[in-house]
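Novice: The C-terminal position of the sequence shown is numbered 145 in numbering that gives the first Met the number 0, with every residue numbered one higher than the one before it.
Calculated directly from the structure, the hints in this document are not laboratory data. It is possible that some hints are incorrect.
The calculated EDC-like cross-link candidates involving lysine to aspartate or glutamate, where the alpha carbons are at most 20 Å apart (straight line), are [claimed, not checked]:
1) K145 to E96
2) K37 to D47
3) K87 to E19
Using C-beta positions, here's what the derived DEER-type ranges look like [to be verified]:
4) V125 to N35: 37 to 47 Å
5) N105 to P54: 23 to 33 Å
6) Y31 to N52: 18 to 28 Å
7) K145 to Y15: 34 to 44 Å
8) G102 to N35: 10 to 20 Å
Predicted model, so just to flag it, every value in this text is computed and none were measured. All C-beta atoms, glycine included, are put in the ideal place defined by N, C-alpha and C.
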Amino acid sequence: MAKHGGLYAYTMCYRYTKDEKYLKHAENIANYIISNKKVPNDGIPYWDYDAPNIPNELRDASAAAITASALIELDQYSTNSYNTYFDKIMTSLDSSEYLAAIGGENNFFILKHSVGSIPHGQEIDVPLNYADYYYLEALLRLAKFK
């Protein structure tokens, strides 16, 4: 499972079970992502944390949106603070590099530059519906928790 998917899954497992093992797993993954020197300064990761040609690899807005949404929620449960990191991701996603202009640019999707699976040759540097979903979810969580 991709790091961002694991972060999200364990955060949701903790939300519904309150089992501390899930919180610990989510915190460990969050710490890995935040401390990973291969993640660019704007918080938008490459399509894979171990992609072979970093920094000459595609970035993945969908992974960033999933990460931000998970961190916003995890911040409510953890004694660790993740707000600086999720704010950085959201600021980057809100930039013209990743946020499509309103009015039909990007085939009416919200976010640009997502990656599904480079090894399978699918969904490479395209808009993805789940990127938009998690971006909107992150915005809703920000409104709810701030």
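Novice: Indicate, hint by hint, whether the structure satisfies it.
Specialist: We went through each hint and held it up to the structure:
no. : hint                    : verdict
1   : K145 to E96             : violated, 25 Å
2   : K37 to D47              : holds, 10 Å
3   : K87 to E19              : violated, 27 Å
4   : V125 to N35: 37 to 47 Å : violated, 24 Å
5   : N105 to P54: 23 to 33 Å : holds, 24 Å
6   : Y31 to N52: 18 to 28 Å  : holds, 21 Å
7   : K145 to Y15: 34 to 44 Å : violated, 23 Å
8   : G102 to N35: 10 to 20 Å : violated, 36 Å
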